[in-house]
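Letter by letter, the chains look like this.
Protein chains: 6
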Amino acid sequence: MKILLLNPNTTVAVTDLLHAAGSKVASAGTELVPATAARGVPYIATRAEAQIGGAIALEMLAEAGPGIDAAIIAAFGDPGLFGARELFAFPVVGLAEAAMLTACMLGRRFSIVTFAGALAPWYEECVAMHGLSSRCAGIRTLDGGFQSISGVQAEKEELLVALANQAVEQDGADVVILSGAPLAGLAARVRDRIPVPVVDPVAAAVRQAETLAVLKPRKAVAGTFRRPDPKPTLGLAEPLAAIIEHRSPKEGTD
Amino acid sequence: MKILLLNPNTTVAVTDLLHAAGSKVASAGTELVPATAARGVPYIATRAEAQIGGAIALEMLAEAGPGIDAAIIAAFGDPGLFGARELFAFPVVGLAEAAMLTACMLGRRFSIVTFAGALAPWYEECVAMHGLSSRCAGIRTLDGGFQSISGVQAEKEELLVALANQAVEQDGADVVILSGAPLAGLAARVRDRIPVPVVDPVAAAVRQAETLAVLKPRKAVAGTFRRPDPKPTLGLAEPLAAIIEHRSPKEGTD
Amino acid sequence: MKILLLNPNTTVAVTDLLHAAGSKVASAGTELVPATAARGVPYIATRAEAQIGGAIALEMLAEAGPGIDAAIIAAFGDPGLFGARELFAFPVVGLAEAAMLTACMLGRRFSIVTFAGALAPWYEECVAMHGLSSRCAGIRTLDGGFQSISGVQAEKEELLVALANQAVEQDGADVVILSGAPLAGLAARVRDRIPVPVVDPVAAAVRQAETLAVLKPRKAVAGTFRRPDPKPTLGLAEPLAAIIEHRSPKEGTD
Amino acid sequence: MKILLLNPNTTVAVTDLLHAAGSKVASAGTELVPATAARGVPYIATRAEAQIGGAIALEMLAEAGPGIDAAIIAAFGDPGLFGARELFAFPVVGLAEAAMLTACMLGRRFSIVTFAGALAPWYEECVAMHGLSSRCAGIRTLDGGFQSISGVQAEKEELLVALANQAVEQDGADVVILSGAPLAGLAARVRDRIPVPVVDPVAAAVRQAETLAVLKPRKAVAGTFRRPDPKPTLGLAEPLAAIIEHRSPKEGTD
Amino acid sequence: MKILLLNPNTTVAVTDLLHAAGSKVASAGTELVPATAARGVPYIATRAEAQIGGAIALEMLAEAGPGIDAAIIAAFGDPGLFGARELFAFPVVGLAEAAMLTACMLGRRFSIVTFAGALAPWYEECVAMHGLSSRCAGIRTLDGGFQSISGVQAEKEELLVALANQAVEQDGADVVILSGAPLAGLAARVRDRIPVPVVDPVAAAVRQAETLAVLKPRKAVAGTFRRPDPKPTLGLAEPLAAIIEHRSPKEGTD
Amino acid sequence: MKILLLNPNTTVAVTDLLHAAGSKVASAGTELVPATAARGVPYIATRAEAQIGGAIALEMLAEAGPGIDAAIIAAFGDPGLFGARELFAFPVVGLAEAAMLTACMLGRRFSIVTFAGALAPWYEECVAMHGLSSRCAGIRTLDGGFQSISGVQAEKEELLVALANQAVEQDGADVVILSGAPLAGLAARVRDRIPVPVVDPVAAAVRQAETLAVLKPRKAVAGTFRRPDPKPTLGLAEPLAAIIEHRSPKEGTD
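These protein sequence lines map, in sequence, to chains R, A, V, W, C and F. Everything in the first sequence is counted per full-length UniProt numbering, starting at 1 for the first residue and increasing by one. Everything in the second sequence is counted per full-length UniProt numbering, starting at 1 for the first residue and increasing by one. Everything in the third sequence is counted per full-length UniProt numbering, starting at 1 for the first residue and increasing by one. Everything in the fourth sequence is counted per full-length UniProt numbering, starting at 1 for the first residue and increasing by one. Everything in the fifth sequence is counted per full-length UniProt numbering, starting at 1 for the first residue and increasing by one. Everything in the sixth sequence is counted per full-length UniProt numbering, starting at 1 for the first residue and increasing by one.
One should not assume that every hint holds.
Cβ-to-Cβ under 7 Å is the rule here; a few derived chain A residues that face chain R [stated by the list, open to error]: (1) Thr36; (2) Cys104; (3) Leu106; (4) Gly107; (5) Gly131; (6) Arg135; (7) Arg191; (8) Val214; (9) Arg218; (10) Ala220; (11) Ala222; (12) Phe225.
With the C-beta cut set under 8 Å, the calculated list includes, among others, these residues of chain R facing chain A [stated by the list, open to error]: (13) Ser23; (14) Ser27; (15) Glu97; (16) Arg108; (17) Arg135; (18) Arg193; (19) Pro195; (20) Val196; (21) Leu212.
Don't read these hints as lab results, they were simulated from the structure. Don't be surprised by glycine CBs; every beta carbon is placed ideally from N, CA and C.
Generate coordinates for the entire structure from the input sequences, incorporating the hints supplied.
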């Protein structure tokens with residue numbers, strides 16, 4: 001089974017973190033195929049960047065081709081997820097979606113704990129977009145900057161553990177989600193220092209993507225995620241244009 | 001990995017259906033351990049029966065012992081689920097919960113399609129209990145009786161497919177869940193006659209239970225699902241009494 | 001008029017408190033018939049215990065027989081209430097339900113003030129189950145243990161009054177509900193030390209049960225609380241089995 | 001016990017209907033004191049009329065004086081209720097509020113069935129004002145005019161019963177409320193022709209007013225229903241002006 | 001274009017503040033026609049006063065006559081707004097409504113900052129009445145009294161700015177609304193001392209009233225704001241009675 | 001005053017419709033500056049297209065330069081709106097947002113009536129994104145295809161009027177919004193054939209953009225719409241890259 005692990009950010013080191021953490025929970029026959037955005041920002045943190053990054057995620061999915069059994073949009077906030085679910089026949093799961101739905105099986109309310117305050121509005125809208133606001137105890141973020149996006153989990157480990165404990169004690173969290181992508185792998189390292197289950201989004205996403213691939217749901221031909229009718233496009237990346245226009249991609253054009 | 005497939009109803013033939021459908025999606029190393037309630041009703045369909053059946057589910061979980069990696073409460077409606085999540089250290093997932101959360105990754109709104117009108121109020125309260133009402137397009141049920149609980153899926157196949165199609169066309173369902181336990185296995189058979197993804201609750205539950213077992217979440221020692229303090233009991237089934245009293249079960253008493 | 005005052009816990013001293021406080025507001029012709037659970041736990045405090053205690057409440061209601069005009073399930077959290085409303089022809093009211101609905105006539109938002117933190121998750125789910133979350137200003141609980149369940153109201157009186165005052169000042173409560181059953185009678189004693197109306201759940205429940213008995217609503221034969229069709233049972237307490245099977249109870253079997 | 005039965009409409013015949021239906025369920029020692037608005041409209045049916053009628057209700061309550069143990073604002077829609085709850089020391093209950101809260105103890109969702117389409121928007125906002133929208137299965141109204149407001153229940157009896165049955169069958173109502181004031185007494189007459197419990201708002205209101213009078217809640221001195229500080233007024237009805245200004249009413253001025 | 005600027009309070013000095021602040025943003029051809037209530041209270045602060053003041057607002061609108069292009073009910077809380085929208089053919093906008101809807105275009109959540117704690121319950125119900133609770137970050141009010149209602153904005157300027165900053169920092173407000181009518185004009189003076197956009201309700205209301213006047217929406221003849229059928233009245237102010245009875249006002253009667 | 005009228009679709013003829021309808025309600029001193037997307041799709045109708053079109057809208061806003069007083073994202077569904085509100089100092093309003101907020105001042109619930117079923121899921125998520133679901137009576141769409149996107153309003157006029165009337169009669173709409181951009185100008189032509197106020201989104205948007213420009217709200221430096229900190233980018237359109245990186249755009253690069 002091939003699962004596309006799509007990082008819509010441009011930081012390869014974060015893709016590596018995601019791949020490493022995801023591989024630890026992948027089933028024997030699963031191949032995780034990493035991909036890093038060729039354009040965009042080093043890490044998506046705002047609504048504007050999610051708007052842009054989501055469009056890039058669609059381009060990347062279109063490029064990934066027909067050999068994929070399922071795909072993960074590996075940025076917490078799930079940029080482009082619903083659009084992807086319209087366009088493609090293989091299942092697509094979001095990092096936030098997978099983490100939150102998994103957390104729902106471990107407690108009544110989850111808290112999202114992350115490393116930068118700029119992420120909170122986007123995360124909050126993501127929770128609402130999935131209809132899960134009543135299951136969310138809150139979003140807690142660290143103040144202050146950090147040295148590098150791929151090193152932030154090491155740099156802030158103590159502070160993040162303390163923040164997670166506050167989420168449990170003060171917000172009533174039954175589960176903690178350590179997000180987003182740059183914290184991949186942290187949950188496994190700190191689980192014993194937080195008194196409730198801790199969810200690693202990429203671990204959850206790999207398992208959920210496998211589940212969808214095993215269940216082999218048919219592509220909807222009705223409902224809101226049926227594939228849209230073909231439509232002409234202008235100036236879009238060729239593989240994505242081909243998908244929207246319902247035609248084979250032109251060779252050598254992108 | 002050992003997963004307890006707990007049927008809180010007394011009908012062994014339904015347990016067999018659950019086991020057969022669950023086995024098809026279980027991973028290589030997974031052993032599904034079936035269990036059927038020794039007391040209760042042939043199939044839970046009302047709030048009163050869910051109240052009783054949930055208490056029986058707790059007894060059965062207490063009896064199942066320490067070798068379990070995860071458990072499924074295999075009645076759609078999830079009787080006893082939150083109580084189980086308090087009492088036990090292994091992860092417990094409900095049939096409805098697993099089906100609905102999986103469906104959330106396949107569409108915006110799911111419909112629940114089932115064979116008996118008596119189930120609707122209980123199902124509706126279950127959806128609300130999980131905070132998923134905004135993701136539910138509706139609950140559709142067949143009118144009329146049926147010949148046997150374990151044969152109902154064969155007897156009503158055509159009608160259920162028609163009902164699922166109505167859910168898509170009239171209620172705007174993106175996904176259909178065919179429930180409850182007595183319909184285990186039906187989804188695989190009818191998937192091509194319904195224009196959106198169809199979720200089989202037991203298939204979803206087996207995969208989600210595996211996921212929880214692989215992620216190995218710690219047992220909460222804080223939050224609302226921490227294990228309750230020990231408390232004396234009177235007249236309860238011995239293994240459950242032992243769990244509540246925080247002691248080893250007395251031998252030969254149950 | 002005979003009103004069953006059903007304590008689904010095993011502590012007779014709490015039943016006595018309930019009876020004493022309820023009697024003070026009962027109308028002249030009302031007879032309160034106390035009943036204490038023969039099996040279960042000394043006081044229900046968790047979801048698991050509510051699951052078990054609700055099943056026991058159904059057994060007790062089945063046993064109480066045809067001479068009852070209305071019944072009160074006298075544990076705040078209302079274990080078994082909706083199942084009872086299905087099975088029985090006489091009106092049944094829950095302690096929490098009666099207290100909250102009465103409080104709604106005295107203010108915009110009520111706070112629930114109680115003696116043990118373990119109760120909060122169960123209470124919160126009870127508020128939501130009744131669709132009253134928007135009317136609830138919060139649930140406040142004391143920390144720390146207590147000496148005896150029937151003596152807790154005396155032991156903690158000062159702390160509970162202080163907590164109620166915090167609910168008014170900090171949470172914006174217009175009304176305070178002192179719960180659950182072990183605090184029966186406390187409201188009358190402390191009412192002048194709390195600046196808003198204080199509701200005693202059992203007092204509210206006795207009056208609401210009387211109201212339902214006087215209004216003599218017919219037993220639903222449609223809707224979600226019509227009596228379920230007869231169904232075979234296995235291993236249930238005889239009077240409850242008889243109710244579910246729509247037959248007369250067998251003599252000498254329970 | 002004296003309970004003011006305040007009709008904020010100008011139709012004495014409707015007050016008589018209310019008094020007759022309310023008297024049937026009142027306790028032995030209860031005296032219902034009827035009052036009919038001296039100005040306003042024959043029956044309130046719109047938001048504009050409720051705005052005016054609610055102000056008149058406050059005037060009437062101010063005039064009713066200190067001998068009252070509780071008051072009922074006897075127009076479904078509860079004009080002036082929250083303002084009354086601020087200004088007066090005795091408990092005040094609304095016709096809609098009492099009916100809906102009582103209905104909540106008889107089913108999961110109630111339907112409101114009434115005789116004129118013009119009432120629906122006002123009723124709907126009343127349900128929302130009380131935070132009970134999730135408990136309301138719908139509002140059904142007859143089309144067409146009627147001959148007299150006090151005779152409408154006789155004229156439309158068959159149609160209203162048919163409408164109530166539709167509410168049960170099509171909207172999933174567990175309980176039916178026959179409203180508003182001009183239908184007082186109808187519920188008792190038609191209860192056997194509707195398959196779920198039927199609530200008569202004035203019967204519910206009399207019992208709930210009695211309950212509040214017996215429970216003797218203190219007047220709030222904190223929270224949102226504490227009495228407002230004194231404030232000068234200009235041109236208001238003298239007894240109401242006196243209440244707002246915290247002074248004794250001037251004699252002979254109104 | 002003539003816009004009625006209706007102050008349902010009796011304080012002319014507040015009308016002057018409203019007129020001055022409104023005039024600064026009015027378009028070239030707009031004439032603001034101020035009106036001050038001849039009866040009522042100096043400023044509406046409670047639900048009881050809003051009930052009375054809303055009825056007075058309807059009287060004032062009826063009196064204002066046919067030359068008006070649009071009207072503003074210039075008390076934050078919008079007393080009588082929905083009733084006015086039923087009765088009159090010209091558009092009517094509320095101060096709170098205009099401020100909140102305008103704020104929605106400037107941020108995700110607005111906070112309402114005001115000078116007296118007594119206003120909070122009424123404001124909160126106003127937010128809910130408009131279906132905007134999810135857009136409201138909170139309502140913050142000053143403690144303590146003030147010297148005069150028309151001087152309160154000068155007296156409390158520093159405290160209000162501090163409160164607005166707290167709303168941003170602690171409640172997550174993206175926008176601040178300085179309300180109600182007595183603060184008209186303050187926003188313009190303090191905008192640089194608050195780090196998010198600040199909305200002056202009367203400025204917003206004047207612009208929104210102009211917008212409605214320019215868009216010239218037809219008077220509804222269907223839906224919940226169609227004009228109610230004629231109905232007899234008793235003892236109401238003559239111009240309002242004429243509107244309700246669908247007749248020309250009698251001369252010299254009011 | 002210069003208002004950018006940004007069409008994120010590639011169809012110039014639709015931009016012309018928008019400009020014509022918007023010009024009719026613009027104030028004397030207002031200049032509407034039309035802009036049509038140079039890449040993308042002829043009209044956005046799905047989530048995928050909105051994801052792409054929203055990113056294009058950000059590029060267009062970045063290009064539009066510093067002379068703009070306010071901007072309108074003129075596709076119903078508001079692609080890129082919240083991102084735009086982060087990045088830019090001038091006010092930005094969405095077509096759907098402006099139409100819905102304006103409609104809120106004309107009725108309790110609005111219906112959205114449009115020409116293609118494919119739009120409904122995107123519109124529904126847009127309503128929810130703005131927190132206005134409780135104000136929306138429904139979304140009604142025509143079945144079947146159409147000949148050209150710029151001619152669809154002429155081709156379907158009768159059907160759209162009929163659909164609007166159904167929304168009023170069957171869904172209880174108080175106001176109808178005729179959307180999206182390709183219907184610009186239709187509302188003025190059909191207003192007398194629909195019994196409730198009809199809102200033309202571009203007319204509403206032009207007036208609301210003017211209002212924001214007149215009120216001159218400061219750019220937030222706190223809250224969720226403060227401008228994000230500078231961040232490196234890779235491969236984005238130069239003007240947008242410059243905005244995100246907080247630098248002047250490089251000349252001749254785009």
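Consistency of the hints with the structure:
For A:Thr36, the interface hint is violated, since its Cβ never comes within 7 Å of a Cβ in chain R; the closest pair sits about 24 Å apart. The interface hint given for A:Cys104 holds, since its Cβ lies 6 Å from the closest Cβ of chain R, which is under the 7 Å cut-off. The beta carbon of A:Leu106 is positioned within 7 Å of a beta carbon in chain R (closest approach about 5 Å), and the interface hint is therefore held. Against a cut-off of 7 Å between C-beta atoms, the interface hint on A:Gly107 holds, since the closest Cβ of chain R lies about 6 Å away.
For A:Gly131, the shortest C-beta to C-beta distance to chain R is roughly 4 Å, which falls under 7 Å, so the interface hint holds. Annotation: interface hint on A:Arg135 holds; nearest CB of chain R at approximately 5 Å, less than 7 Å. For A:Arg191, the shortest C-beta to C-beta distance to chain R is roughly 6 Å, which falls under 7 Å, so the interface hint holds. Contact between A:Val214 and chain R, as hinted, is supported at the beta carbon level, the nearest pair being about 5 Å apart and thus within 7 Å.
Given hint, A:Arg218 at the interface with chain R, holds; its Cβ is 6 Å from that chain's nearest Cβ, closer than 7 Å. Evaluation of the A:Ala220 hint against chain R yields a held restraint, the C-beta minimum of about 5 Å falling below 7 Å. For A:Ala222, the suggested interface contact is upheld, since its CB lies about 4 Å from the closest CB of chain R, less than 7 Å. A cut of 7 Å between beta carbons decides the hint on A:Phe225: the least distance to chain R is about 5 Å, and the hint holds.
Evaluation of the R:Ser23 hint against chain A yields a violated restraint, the C-beta minimum of about 13 Å exceeding 8 Å. Taking 8 Å as the C-beta contact cut-off toward chain A, the hint placing R:Ser27 at the interface holds, the least distance being around 6 Å. Given the 8 Å rule on beta carbons, the hint for R:Glu97 holds: about 6 Å separates it from the nearest Cβ of chain A. Contact between R:Arg108 and chain A, as hinted, is supported at the beta carbon level, the nearest pair being about 5 Å apart and thus within 8 Å.
The interface hint given for R:Arg135 holds, since its Cβ lies 5 Å from the closest Cβ of chain A, which is under the 8 Å cut-off. Violation of the interface hint for R:Arg193 is found here, the shortest Cβ-Cβ separation to chain A being roughly 10 Å, above the 8 Å cut-off. Given the 8 Å rule on beta carbons, the hint for R:Pro195 holds: about 4 Å separates it from the nearest Cβ of chain A. With its C-beta approaching chain A no nearer than about 5 Å, R:Val196 sits inside the 8 Å limit, and its interface hint holds.
For R:Leu212, the interface hint holds, since its Cβ comes within 8 Å of a Cβ in chain A; the closest pair sits about 6 Å apart.
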